[in-house]
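Q: These are the residues of each chain, in order.
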Amino acid sequence: MARSPEGPPPPPTVQKLRLRYAKRGPLRFASHRDLARALERALRRSRVPMAYSAGFTPHPKISYVGAAPTGAASEAEYLEIGLAERRDPEEVRAALDASLPPGIDVLECVEAAEGGGSLADRIDAARWSIELPGIEPEHLSAVVAEFLARDEVTVAKRTKNGLRDVDARGPVASASVGGAAGRAILHVVVRQVTPAVRPDDVVAALAAVADLRPPSPPRAVREAQGRLDGSGTVADPLGPDREARTRCQGEHAAV
Amino acid sequence: MSGESLYPRLEPLLAQVQKPIQYVGGELNAQVKAWDDVAVHWALMYPDAYEVGLPNQGLMILYEVLNERPDALAERTYAVWPDLAALMREHGVGQFTVDAHRPVRDFDVLGVSFATELGYTNLLEALDLAGVPLHAVDRDETHPVVVAGGHAAFNPEPVADFVDCAVLGDGEQVVGDVTDVVAAWKEQGRPGGREELLARLSRVDGVYVPRFYAVSYGPDGAIAAVTPTRDDVPARVGKRTVMDLDEWPYPKTPLVPLAESVHERMSVEIFRGCTRGCRFCQAGMITRPVRERTITGIGSMVDQGLRATGYEEVGLLSLSSADHSEIAQVAKELADRYEGTNTGLSLPSTRVDAFNVTLANELSRNGRRSGLTFAPEGGSERIRRVINKTVSKEDLVRTVTTAYANGWTQVKLYFMCGLPTETDEDVLEIAELAVEVIRAGREASGRRDIRCTVSIGGFVPKPHTPFQWAAQASAETIDHRLRVLRQAINADRRIGRSIGLRYHDGKPGVIEGLLSRGDRRVGRVIERVWREGGRFDGWSEHFSYERWTAAAAEELAAFGVDLDWFTTRERTQHEVLPWDHLDSGLDKEWLWDDWQEALSEEEVADCRWTPCYDCGVCPTMGTEIQIGPTGRSLLPLTVVGR
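Residue numbers (the working numbering), protein chains in the order written: chain A, 1 to 255; chain B, 1 to 642.
Keep in mind that the hints were calculated from the coordinates and are not lab data. Keep in mind that the hints are not guaranteed to be accurate.
[Unchecked claim] Straight-line C-alpha distance at most 35 Å; calculated DSBU-like pairs for lysine-lysine:
1) A:Lys160 with A:Lys61
2) B:Lys412 with B:Lys393
3) B:Lys412 with A:Lys61
4) B:Lys252 with A:Lys61
5) A:Lys157 with A:Lys61
6) B:Lys19 with B:Lys33
7) B:Lys332 with B:Lys393
8) B:Lys393 with B:Lys33
9) A:Lys160 with A:Lys16
10) B:Lys393 with A:Lys160
11) A:Lys16 with B:Lys19
12) A:Lys61 with B:Lys19
13) B:Lys332 with B:Lys252
14) A:Lys61 with A:Lys16
15) B:Lys252 with B:Lys19
16) B:Lys252 with B:Lys186
17) B:Lys186 with B:Lys412
18) B:Lys588 with B:Lys393
19) B:Lys19 with B:Lys412
20) B:Lys19 with A:Lys160
21) B:Lys412 with B:Lys332
22) B:Lys252 with B:Lys412
23) B:Lys19 with A:Lys157
24) B:Lys186 with A:Lys61
[As the list claims (entries may be wrong)] Stretch by stretch, here's where chain A covers chain B in the computed footprint (C-beta under 8 Å, at least three residues):
25) 26–40
26) 125–134
27) 189–196
28) 254–262
Built from N, CA and C at the ideal position, the CB exists for glycine as well.
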């Protein structure tokens, strides 16, 4: 006989919180699955009253948005959690941050504004800084100019279905060079496309246009994610929630 | 400078390998102590991949016990996969610990836990990567003391050339004694060099130093004698036994990795030792007597562990968890305590017993019931008498049917193949059993989607068991029996499609057999295999039977013995076995009598509930069985997640 879970269904979501977190240092080598496991356990340890899905294997309500690849550090990873009881967002941030290992750092937590749309809809681009050890900034500048002058630069990308050719130039909205002698840094804004064009693909594209080969692996940091506006800047995806909150508090104050 | 981090040089390599997260450490509850603050530095190794080694309870326990000492630190190291090993050699980066990425070469002690003999080639790889000479005789006082522990250390002879010491039995207390000896020797300015340090260690209870024992061989190839070469070392080395588990509630703060591991749960050891007397089971023989953790001790470890880890599942670990004298109450009270918290409780594979279904029902009271595992081990009632794991066919079918009727949809049955006296017919009975289980299960549950998975592997005779004299079945015999079993299961498709068969071919078992019952001469085979690229022998994609057989043929020929001599040959009563000078407490005469009783299919009862049958452990080791009931109950607690 098929069993069904006894008792009432789990309590519903009463509050949605959106978090920005960083992965830093050695933990840049964590994969998305590694991070998801760590976050779920940290939520339990820090006793955040999570809402759960129904059924025999209830899952906490967590949605992840566009995870940075394994090996890349990030200052701008996002996720949304559903709570069964209301909590102060800052308290949740601090409690969660304290129970995560150093290197996974929870930077911000805001309550999702009603009717404000999904977090995923507010992200269509990322800003990266990619350090190229052993490369001179002048050299990189020349290569980047060459790259930007092209309409298309095809690189072979390893996907689930084997190697696939993708255009790494099209999604690049802007690129500039910084850094210091022997340690050039590429600043690049890349639009979200499928399959994703990642820092490794951009570096591979530079190698394709001008034989640029860093002697040791590049180190990428995702600095921001969000909507790309007309001026080429990446907007803060938590901005609308924060504004709604301030407006709402302002109205209360006015009353 | 000693103990300096290799991370800056390792990091660029990590960007080029698979699953780099396994090499970076930073696990929850990991500890990094300052190098110069302590006298004794321990590197603890599990000689397999991180995902297998990290959850190992033994290593986690010693890691905490050592780090609690103000004068010691312990860090962990695991086998690195060949992709990283190649880069490390290319760039001159040595074997490192994952905690502070310190060179293993710089530690005072390298403790290696061998749960299986198939990790031996990984030890050689780690020593070589670390820059530590492979052979113990080539090391000087600046090299770490290489100590083997774990169940395989009860016959460390095959690795005697590569380790400095082996430690027999429970590790909790002996690691402290070893630390004291190393600390004192260092403080005195390392008098007498490495030889003196090893001599001092050989006087610690439970520590065996192979170099102080000479082995001679007779004309028939068997060992003539094992003789101490110093008069201050014991003729036989006895094992260590921790008597009060409640005094050792470790791990208190289990490690939680970021990387995926083979056990995504925390475990609490509810008792140690087993006296069921299954004749194939080395663990049950060498860990006697039974010592229970009390119900209150279990309760607080579960509570503390969940708080420290955030795990969603707790396994109640032991060799036969349903045998704890208060298990029913433990199960009920834990289920009560964690009801409504999305915390899962589980027992590992269990004996075939209706009581186990009741327990599993209780633990999964409001959760999912998918798989339940039973271990009948032998296919026929006859062979189950031989191995002393007696259960009638009727009871077995009834128990499994009860599980299906209670909502369990998948039952896994563990068997072994190649047991002493076994014939094709004994193995074919597994098919009959599985068919009957599915038929009765469909009827009892009213469902067609129930499944039974038969999991079967080749039996490997182990030291310190009644089967230590037995002839191991050849790979051909195992593969033949598995083939006829598969055909029998597939004979009736209407039933057969509900039965899954999982099996391992017979070849790795033969090599495990060589390493389990081998002597010092086998060391040359291990070294040859490693030199030819042998690594990760527990992984089918890395294991090469041909490499092992070729190396065995060439390296053993000079001694007039071969692979078969170590594996498929039955030993005689008075043959000197390579591990006879290592004392697990079991009386060799009792083991022989039990072997004879096995051959005449006689059973022996559990001494927890029937009179002592004189296996020898309690009087030899000065220990006794420690079981409840205590009559206590768990205190109510505010629990995690509620």
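Q: Against each hint, give a clear statement of whether it holds in the structure.
A: Taking the hints in turn, this is what the structure says about them:
At roughly 27 Å between alpha-carbon atoms, lysine 160 (chain A) and lysine 61 (chain A) fall within 35 Å of each other, so this suggested pair holds. Using a Cα cut-off of 35 Å, the hinted pair lysine 412 (chain B) and lysine 393 (chain B) holds, with the two alpha carbons roughly 16 Å apart. A distance of roughly 32 Å separates the Cα atoms of lysine 412 (chain B) and lysine 61 (chain A); the hinted pair therefore holds under the 35 Å criterion. Under the criterion of a C-alpha separation no larger than 35 Å, the hint pairing lysine 252 (chain B) with lysine 61 (chain A) is consistent with the structure, at around 30 Å.
With a C-alpha separation of about 33 Å, the suggested pairing of lysine 157 (chain A) with lysine 61 (chain A) holds against the 35 Å cut-off. For the given pair, lysine 19 (chain B) sits about 26 Å from lysine 33 (chain B) by alpha-carbon distance, which is consistent with the 35 Å threshold. Restraint check: the Cα-Cα separation between lysine 332 (chain B) and lysine 393 (chain B) comes to about 29 Å, which is no more than 35 Å; the hinted pair holds. At most 35 Å may separate the alpha-carbon atoms for a hinted pair to count; lysine 393 (chain B) and lysine 33 (chain B) exceed this at roughly 56 Å.
Between the alpha carbons of lysine 160 (chain A) and lysine 16 (chain A) the distance comes to roughly 33 Å, so the proposed pair stays at or under 35 Å and holds. Between lysine 393 (chain B) and lysine 160 (chain A) the CA atoms are separated by roughly 48 Å; this puts the pair beyond 35 Å, and the hint is violated. A distance of roughly 33 Å separates the Cα atoms of lysine 16 (chain A) and lysine 19 (chain B); the hinted pair therefore holds under the 35 Å criterion. Of the supplied pair hints, the one linking lysine 61 (chain A) and lysine 19 (chain B) holds, its CA atoms being roughly 27 Å apart against a limit of 35 Å.
Between lysine 332 (chain B) and lysine 252 (chain B) the CA atoms are separated by roughly 23 Å; this keeps the pair inside 35 Å, and the hint holds. A distance of roughly 9 Å separates the Cα atoms of lysine 61 (chain A) and lysine 16 (chain A); the hinted pair therefore holds under the 35 Å criterion. Of the pairs offered as hints, the one joining lysine 252 (chain B) and lysine 19 (chain B) holds, with about 28 Å between alpha carbons and a cut-off of 35 Å not exceeded. Distance check on the hinted pair: lysine 252 (chain B) and lysine 186 (chain B) sit about 30 Å apart at the alpha-carbon level, within 35 Å; holds.
Under the criterion of a C-alpha separation no larger than 35 Å, the hint pairing lysine 186 (chain B) with lysine 412 (chain B) is inconsistent with the structure, at around 53 Å. The hinted pair formed by lysine 588 (chain B) and lysine 393 (chain B) meets the criterion: a straight-line CA distance of about 33 Å does not exceed 35 Å. For the given pair, lysine 19 (chain B) sits about 31 Å from lysine 412 (chain B) by alpha-carbon distance, which is consistent with the 35 Å threshold. Using a Cα cut-off of 35 Å, the hinted pair lysine 19 (chain B) and lysine 160 (chain A) holds, with the two alpha carbons roughly 16 Å apart.
As the CA atoms of lysine 412 (chain B) and lysine 332 (chain B) are separated by approximately 24 Å, the hinted pair is consistent with the 35 Å bound. A distance of roughly 32 Å separates the Cα atoms of lysine 252 (chain B) and lysine 412 (chain B); the hinted pair therefore holds under the 35 Å criterion. As the CA atoms of lysine 19 (chain B) and lysine 157 (chain A) are separated by approximately 18 Å, the hinted pair is consistent with the 35 Å bound. For the suggested pair lysine 186 (chain B) and lysine 61 (chain A), the alpha carbons sit about 55 Å apart, so the restraint of at most 35 Å is broken.
Look at the stretch 26–40 of chain B against chain A: 3 of its residues bring a Cβ nearer than 8 Å to a Cβ of that chain, three or more, so the hint holds. Counting residues of the stretch 125–134 of chain B whose beta carbon lies closer than 8 Å to any beta carbon of chain A gives 0, which falls short of the minimum of three for the stated coverage. Proximity of the stretch 189–196 of chain B to chain A, defined as three or more residues with a beta carbon under 8 Å from a beta carbon of that chain, is not established by the 0 residues found. Note: the stretch 254–262 of chain B has 4 residues with beta-carbon separation from chain A under 8 Å; the three-residue rule is met and the coverage holds.
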